[in-house]
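K.L.:
Top to bottom, those sequences are chains X and C.
Note that this note's numbering has the first sequence beginning at 5, numbered continuously upward.
Note that this note's numbering has the second sequence beginning at 268, numbered continuously upward.
Hints listed in this document are in silico derivations from the structure and should not be mistaken for laboratory results.
Here a beta-carbon is modelled for each residue, glycine too, at the ideal position from N, C-alpha and C.
Treat the hints with caution; some may be incorrect.
[To be verified] Computed Cβ-Cβ distance ranges for the label pairs, DEER-style:
hint, chain 1, residue 1, chain 2, residue 2, range
1, C, ILE593, X, PRO406, 41 to 51 Å
2, C, ALA372, X, ASN279, 16 to 26 Å
3, X, ASP381, C, PRO562, 31 to 41 Å
4, X, GLU404, C, SER617, 47 to 57 Å
5, X, THR399, C, ILE593, 41 to 51 Å
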Amino acid sequence: MDFDDSPEEAEFRAEVRAWLQQHAEPRKSGHAAQLDPQARLERAKRFLAAKGAQGYSAITWPKELGGLGGTEIQHLIFLQEQTQFDIDTLHGSDFFAVGLELCGGTIMRCGTEEQRRRFIAPLLRGEEIWCQLFSEPACGSDLAAVRTRAVRDGADWRVTGQKVWTTGGHYSDYGLALTRTDPAVPKHQGLTMFIIEMKQPGVEVRPIRQMSGEAEFNEVFLDNVRVLDSFRVGAVGGGWKVALTTLGQERSTAAALSFIDWQQLLALAQSTTMNGQPAIADGRIRERLAECWLNNFGVRLVSYRNQTALSHGAVPGPQESMAKLIITQQGQRSAITALDMLGTLGSLSGATLGEQWSQIEHAWYWSPAFRIAGGTDEILRNILAERVLGLPPETRVDREVPFNRLSA
Amino acid sequence: MNFDFSPEQEQFRDQLRRMLERADGRGQGRRILEKQAEHYSSSIWQGLAELGVQAAAIPEKHAGLGLGPLELCVAAEEIGRVLAPIPFLSSIGLCAEAIRLFGSAQQQSTWLPGLAAGSTIGTWGFAENNLTAGASETRLTSGRLFGTKVPVFDGMAAAVMLVVAKDERGAPVCALCDLTQPGVTRLPAETLDPTRPAALIRFEGAPAEALARGDDAAWQRLRQRAAVLLAFEQLGSAEAALEMARTYALDRSAFGRKIGSFQAIKHKLADMYVKIELARCHCYYGAWAISTDAPETPLAAAGARCSATDALDYAAQENIQIHGGIGVTWESDCQLFYRRARLNALMLGSRYEWQDRLIAALQRQ
Chain X
5 MDFDDSPEEA EFRAEVRAWL QQHAEPRKSG HAAQLDPQAR LERAKRFLAA
55 KGAQGYSAIT WPKELGGLGG TEIQHLIFLQ EQTQFDIDTL HGSDFFAVGL
105 ELCGGTIMRC GTEEQRRRFI APLLRGEEIW CQLFSEPACG SDLAAVRTRA
155 VRDGADWRVT GQKVWTTGGH YSDYGLALTR TDPAVPKHQG LTMFIIEMKQ
205 PGVEVRPIRQ MSGEAEFNEV FLDNVRVLDS FRVGAVGGGW KVALTTLGQE
255 RSTAAALSFI DWQQLLALAQ STTMNGQPAI ADGRIRERLA ECWLNNFGVR
305 LVSYRNQTAL SHGAVPGPQE SMAKLIITQQ GQRSAITALD MLGTLGSLSG
355 ATLGEQWSQI EHAWYWSPAF RIAGGTDEIL RNILAERVLG LPPETRVDRE
405 VPFNRLSA
Chain C
268 MNFDFSPEQE QFRDQLRRML ERADGRGQGR RILEKQAEHY SSSIWQGLAE
318 LGVQAAAIPE KHAGLGLGPL ELCVAAEEIG RVLAPIPFLS SIGLCAEAIR
368 LFGSAQQQST WLPGLAAGST IGTWGFAENN LTAGASETRL TSGRLFGTKV
418 PVFDGMAAAV MLVVAKDERG APVCALCDLT QPGVTRLPAE TLDPTRPAAL
468 IRFEGAPAEA LARGDDAAWQ RLRQRAAVLL AFEQLGSAEA ALEMARTYAL
518 DRSAFGRKIG SFQAIKHKLA DMYVKIELAR CHCYYGAWAI STDAPETPLA
568 AAGARCSATD ALDYAAQENI QIHGGIGVTW ESDCQLFYRR ARLNALMLGS
618 RYEWQDRLIA ALQRQ
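All chains should be modelled from the sequences, with the hints used to inform the complete structure.
P.N.:
Here it is in structure tokens:
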């Protein structure tokens, strides 16, 4: 048992670290807030262009498509190394995360050769931004119930409907849209996936203001939007399989969310006075801190276990749902613990208390969102129970019935 | 990166698992619960000795196999999986390890061969009765022990005991005491889990000898290493509790369907799985730490101990709930997990102590 890299892994790690030191800022809080969104976007594009030129945007994808042609372990090494740098805030990886982590992988696995050649390279160089057009006002967890219709228009298609919770829809160039092409068959069978050009007539993006006051999500209205048949991903009626490919990736990447590190919570507990003594001296705080470390550091240990499994030839599986389940709930608990430590003073906003507290306030607003996005806590538990533990699916009333004959 | 056991260690695990399944650990535990057997299962103890479990970490010159703590971790997980009623943690995890790490050459050659063969059973005593006002601490004075230790796990079966006492100056000292000598009185002390029995042991001038390097630091180190082994036992037991609950959920029907298809049941099982997998990662980290004597050992041991306690407590509790009424009957094996979970959560100190140690270790980092 050891945590040592093989000579090849160590060499790659050194190479990645040197590259990051040259191109990325060290991790520290509070920079992003000072940049306006356009400046952040420009910065993120420049960073991704450099990253893409090096092949680091898609380490496991083939070189001819702009990847590095590397291994899963090299990918994991890159992820481990980049946690030391301010990738998420300063370089705005959030602009490209949906494209790189979800849409790109879906096109790689389910798209045509022509689609891969057209879309992958610009994505990896930060030239085109993607969003995901999956959830709708009437369906989120029950994704196969989407109502957005795609109908034939000669050789091509027309798409009409409403999508929601579309991260980055307002600055995206392309969207991956799950649509219904046949309402007369049971719901999982009548779905088809398309790539939609976002900047065209008939596509209207309206920001949704969240409780944090920010507007990262959008509603997207599609009104008779023309889509080429060559932009269809997978077979007509095969959209559910494509959607599952997308969703499987969402959960494996969500584990990188930590919101509040245990180091941060510990530092707060040491510097905050509670009931006339340092908060760290209070048994209740110690218990919560221990729980925070067990979960946050535990998820890192999970990634070491995954790395070991990958090196023995295993493939990533549904057990990866676990990390997101752990880390998002812990993020919320840590934020609330931090605020509780402050007592009455904690009722003030980050704008009043200062930068460190803005970050905690941010975690408090955002952790509930991430307990929903990409599979709710409940859906993740279903996945673990059904796909890892082999329990039978819930009895369903909608599986065999044509979609247009389902009530409600 | 190899954050896993080696193929040889996994082979060792397979052998142990086959033997322990044949030996019916839970059935053996039930015999003790029903008072049809005393102290521990000698057939399982003997079977493990034949596979070299007790000898694994003991040096070859003392009739051991000269392997390391990783083999003990594998053994602990498998022992926990079948809830085997045996003095593994007491005899090997604490007594033999104390002598191996901190004993004199004389102490090692006196005790280790018998402990390695399983023919001598060892134990340890740290806890004292802090419920009674005026209870005094156990003291080692001029080579003689005075005081009372309770609970001493496996204390009725053991021949030799590691006694954590105070010396003449009041400093902690790890002493070895031959329990067959005069000056030692033992009384059975019933526990929450009769398959993990204990004794009250009174020392009235019993001859005892300090371990060569048996100071407070030695005791802290021993306790950390034992906590990792106990965490592996807890991990194995939690896995088996999950498996028992899952099997029942796949078999039992209610409202016209298998109860395992209800989300209320699924989510309990998924939560068990998550706690267990998290505990597994912390246990492996603990195993790595004690096998390399890493400076992270205090933190890693506390992490393994806390997460494994959480996992087994939860699994044992919810296993009963998933079984419904049958789960609280004497006949059901649910009680074996429920009893073992609670006892394991308390021996070596409860979660409150270990959470404190965890935070103290984080503060030192």
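K.L.:
All hints are to be evaluated individually against the structure, with a verdict given for each.
P.N.:
Do the hints match the structure? See the list:
no., hint, result
1, C:ILE593 with X:PRO406: 41 to 51 Å, "43 Å, holds"
2, C:ALA372 with X:ASN279: 16 to 26 Å, "53 Å, violated"
3, X:ASP381 with C:PRO562: 31 to 41 Å, "36 Å, holds"
4, X:GLU404 with C:SER617: 47 to 57 Å, "53 Å, holds"
5, X:THR399 with C:ILE593: 41 to 51 Å, "24 Å, violated"
Of the hints listed earlier, those the structure fails to meet are numbers 2 and 5, in rising order.
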